[in-house]
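First to last, the protein sequences are chains A and B.
Here this note's numbering = 1-based position in the first sequence + 13.
Here this note's numbering = 1-based position in the second sequence + 288.
The set of hints was computed from the structure by calculation and includes no laboratory data.
Backbone N, C-alpha and C define an ideal beta-carbon position, used for all residues, glycine too.
Please note: incorrect hints may appear among the correct ones.
Computed list of chain B residues with no C-beta within reach of chain A, every gap over 10 Å [to be verified]:
#1 Leu-701
#2 His-743
#3 Gly-860
#4 Pro-975
#5 Ser-1006
#6 Val-1045
In silico negatives: residues of chain A with every beta carbon more than 10 Å from chain B [stated by the list, open to error]:
#7 Asp-60
#8 Thr-72
#9 Ala-74
#10 Asp-187
#11 Val-226
#12 Leu-262
#13 Pro-264
#14 Thr-270
Straight-line distance between alpha carbons at most 20 Å, and here's what the computed DMTMM-like set of lysine to aspartate or glutamate pairs gives [to be verified]:
#15 Lys-190(A) <-> Asp-241(A)
#16 Lys-308(B) <-> Asp-482(B)
#17 Lys-308(B) <-> Glu-223(A)
#18 Lys-882(B) <-> Glu-359(B)
#19 Lys-190(A) <-> Asp-239(A)
#20 Lys-308(B) <-> Glu-174(A)
Take a look at the letters that make up each chain.
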Amino acid sequence: MTTLDPGAWFTPDGEPRRMGFFTDTSVCIGCKACEVACKEWNGVPSDVAGFTGMSFDNTVALGADTWRHVAFVEQAPVGLEWFGEDAAAGTAPAAPSAQDLRFLMSSDVCKHCTRAGCLDVCPTGAIFRTEFGSVVVQEDVCNGCGYCVSACPFGVIERREDDGRAFKCTLCYDRSKGGLEPACATACPTDSIQFGPLDELRDRAAGRVEHLVAAGQSRAQLYGADPDDGVGGFGAFFLLLDRPEVYGLPPDPVVPTRDAARMWRMAGAAAGVLVAGIAALVGLSPRGGR
Amino acid sequence: MGSNMAENHPVGFQWVTEAKLRGARLFHVDPRFTRTSAVADRHVPIRGGTDIAFLGGVIHHILENRREFREYVLAYTNAAYLVGEDFVDTEDLDGVFSGLDREHGVYDDASWQFQDTGDGGDAPTGSAAHDTAAQETHGAQGAAVEGPGPPTDPTLEHPRCVFQVLRRHYARYTPAMVAEVCGVSEAAFLEVADALCDNAGRDRTSTLVYSVGWTHHTKGVQYIRAASIIQLLLGNMGRPGGGILALRGHASIQGSTDIPTLFNLLPGYLPMPQARDYPGGLAGYVAEHGAPAGQRDRFRAHVTSLLKAYYGAAATPDNDFCFDHLPRISGDHSIYPTILGMLDGSVKGFLVLGENPAVGSANGRVHRLAMAQLDWLVVRDLVEVETATFWKDGPEIATGELRTADIATEVFLLPAAAHTEKSGSFTNTQRLLQWHRKAVEPEGDRRSDLWFAYHLGRLIREKLAGSTDPRDRALLDLAWDYPIEGPGGEGDTWGEPDPHAVLAEISGWRDEPGAGRTWLSSPEQLRADGSTTGACWIYCGSFADGVNQTDRRRPGREQSWVAPEWGWAWPGNRRILYNRASADPQGRPWSARKAYVWWDEQRGAWTGHDVPDVDAGATPDAGPFVMQSDGRGWLYVPAGLSDGPLPTHYEAHESPVPNPLYGQQASPTRERFDRRHNRSNPSAGEPGTGAYPCVLLTYRIAEHHTAGGMSRFGQRLSELAPEPFCEVSPRLAAARGLTNGDWATIVSARTAIEARVLVTERMKPLRVGDRRVDTVGVPYHWGWKGTVTGDAANDLTALVLDRNVHISEFKVATCDIRPGRRPQGAALPAYVEQHRRSAGIGEQP
């Protein structure tokens, strides 16, 4: 919705900036325009399946064919009664209010992690980090090994069944190249999905969460805005009105390759010890004595 | 209220979101907790069909607590007028007004008039004809109040002044009564009422937003009247941040009432002539319908300019500008009586453009049975919608009620161009005309609706050429000469007419011998002498200076906050109607914060941020409500409405609850069509109510578009909502054995449908008196064709209409719900009949 300054992609020195999404779920109306715009622009196939019974959600989760996914969370406090026993006792039901019943909606997307597991494990170089900081799969290079699938702590990237290759959100890399916002952010009517330089988005989000908490949304929080988290912060972060688990998001995501370097060092050390041990054994062999 | 704006108008909802970010409070008063409720500050659930009780409660609250904006009310409304002594209110007649003819369900409004002036002047006039809608006789301007105006009491204390009549009418709409009728808590109601009162006055305003949740009722006009009364009492009309926003059913529906597809109006809300003699021809029509007397010259200029647009050179002063060529109406020829006319054999042909009545209309089964009786049916659409195929694969073929071999209807399916494939204007909610340009050429034989209408007319005229039959003059005299563009270019007989030429003709011009053509910029330039052409007076100026004013796209940041150079708004590019009310009676802004237009003493003229909505040369004495003959907002309406001068709570046509306010259960003037295929469920007090104990609501969701022609036939939206479903509360699900995700059967006296079950806390059972009322909600988008299919929910609803506007009560009915799929084939009608009889309901028509 917001028109981005064409110069926003680059610093005054002409260097590309890290671009990202700030998804402010507090103004999401669950219209799914993001899902449709994403599929239309990126040519992602539709999968017309049956009714899920999961509120208004019939696309279920992010995957190879769903790069934006709107979650619908209906929160009714346990024991909420609008009519019945209390009425029989002659007491009026409490005034219904947004606090009693919450209907949370949130458009989920690839997080474009600062430390991206999928990128770390990709053996072919199909997955790369763009000049805008986004993490993109090159379809023509991917060999379908699937290592990236198990390396994503969010379950975002997935192989397409009839094809074998892995697909996910590209942050509309082609549009970024042309100075256009991603399709989902362009289509979002309420600016729930905001696209821009990540540092600016983080500043804006901090102010917004402060405002919401002051207005009584005590559980409003940012998710993925912290560069010190287990994935080094998200390139696409969120303002949630409740804990991440409520939305089906991992509360403390950690890139599986976080400890890879240490593990490789340890493995190296272990291997060194092993080699030394073998050498020693070799040295001790009967033949070695000659 | 009556709107699910976030889901059904998501693009417009960006402005609500922005207002919220700036501190506005958003209340959602609606039977369902929707995606709109989710982002509102408060959701207040009310029982379906009880909005007038809620709004009447707000009126009561304002009046009894003296919260009205007294200065505004005195100066700009008819609060001080004295109502005649013959008027008897619903308080004295147990829910009906004086003048009711019970047998025919119509009122004689003679007793509703204001008190005689007593000085020999004209008594206020305006008796409505009984067999037609009010608009058919008065146009949308309503009835006239003529002469010097009725006696007034500026103290507002006289027992017969409008203010006191209102107080008495709403005396029993107390918070306790609202709670009882609507099933809302008093506290929740009072929070809304107080918020409206607190946010009113010189410095603050509130907006009321409604959609078809208010119009699809047997009393929908009075819902909106009730909102008007609140907004007038609080001083919210004609001021920034105020008003009543009518969100239309889909794109450019506003345009299709301005340039109407309605049977009883000519462009610009001019009344269609009646099928009877007008002494003096055009002059007689003007004298009868052109209200008030002082503005008849203007009315005549509008009509004459329209006739010049229709008939061009053929329209001359000598032949009354071809006034006699205009069609005349002989009664209610709105869509539903026309459908029933097909069933009865009196209507032989049917043109359906961009509509899918086999799925979307109330009691769709009646429509399908009716279309099977036609000689011919033409359907123009993007895809092969159900209306075009009911004769071979419709539900009645499945049940055996219709056999293809027996249906003689000749069906023509013609391809239509989509909005992306043609240029033209949209007129949306806020009267804003926005031009849109063709993005791609239409594929294959798809053509615009303009192309179809133009070439249909051309071919008919060619066939009639040379005819001497007088009745053919109405077609042969038409000015039917639009420039042709499109694939074949100029000279291509089958090309597209240039839509700019149509807009130019609608806006208007003046031809003067020798001086050539000048473009009109304002309706005041229209003339009754035949020198001007203009097809719709309220659109006059949309092509001023020969420039398509609707195509303007100056960004908001490059102009004032009113943004007058984005598109073009009628009338005269005014962005807020009646904006003279934004200033006090002396012409000063009510407050600096709410300044909008004002009287400039030094220049001796009205000025401001918007185009002042006053006549040229008007002084501060001008009344703001320029469409009313007395310039005032009408709290009390003495004529022009079919169902009473004041909104009154009636239960819906079908309701499990007895009307707590009056003995009169439902609207006494609702139009019923009792017949075998349109039976009604019994309402409270009638035998068998228990057979249909739940309130049924039908509605749309964000994922689909109306009857599905634009959404169900593609992959993208079908994927998002692949099957019909119904929403029920956990309590109802437990009581009826319904399982989330499984099937349920929903049954009314019309039919039974099946849908998947969505059990959700968002559907709240409501307490009404000593009973619990359960609601079943069913989106209506699906039919038997397309990428995703399913039963059509509106098949459940009855054909029963608001007499003012002939709109059916889609939005509330009664039903029962059972677990499992419905019986298929011939077992379906048997099941529906058995359900009816098992409740002990006897023979019905």
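Taking the closest pair, is the beta carbon of Ala-74(A) still more than 10 Å from chain B?
holds, 14 Å
Evaluate the condition: distance from the CB of His-743(B) to the nearest CB of chain A exceeds 10 Å.
holds, 33 Å
Is it true that the CA of Lys-190(A) sits at most 20 Å from the CA of Asp-241(A)?
violated, 29 Å
Does Leu-701(B) sit more than 10 Å from chain A, CB to CB?
At about 24 Å from chain A, Leu-701(B) clears the 10 Å cut-off, so the statement holds.
Mind verifying the non-interface call on Pro-264(A)? Its CB should be farther than 10 Å from each CB in chain B.
holds, 23 Å
Assertion that Leu-262(A) lies farther than 10 Å from chain B (Cβ)
Per Cβ check, Leu-262(A) is outside 10 Å of chain B; nearest 19 Å; holds.
For Thr-270(A), is the shortest CB-to-CB distance to chain B above 10 Å, so the non-interface label stands?
holds, 34 Å
Given the hint that Lys-308(B) pairs with Glu-174(A), test it: the Cα-Cα distance must not exceed 20 Å.
Outside the cut-off at roughly 44 Å; violated.
Exclusion check [Gly-860(B) not at the chain A interface, CB over 10 Å]:
holds, 30 Å
Below or equal to 20 Å on CA atoms is what counts here, so check Lys-308(B) against Asp-482(B).
This hinted pair holds, its Cα atoms lying about 19 Å apart.
Taking the shortest Cβ-to-Cβ distance between Ser-1006(B) and chain A, state whether it exceeds 10 Å.
violated, 5 Å
Taking 20 Å as the top limit, are the C-alpha atoms of Lys-308(B) and Glu-223(A) close enough?
holds, 16 Å
Hint compliance for this structure: hints 5, 6, 7, 8, 15, 19 and 20 are broken, all remaining hints hold.
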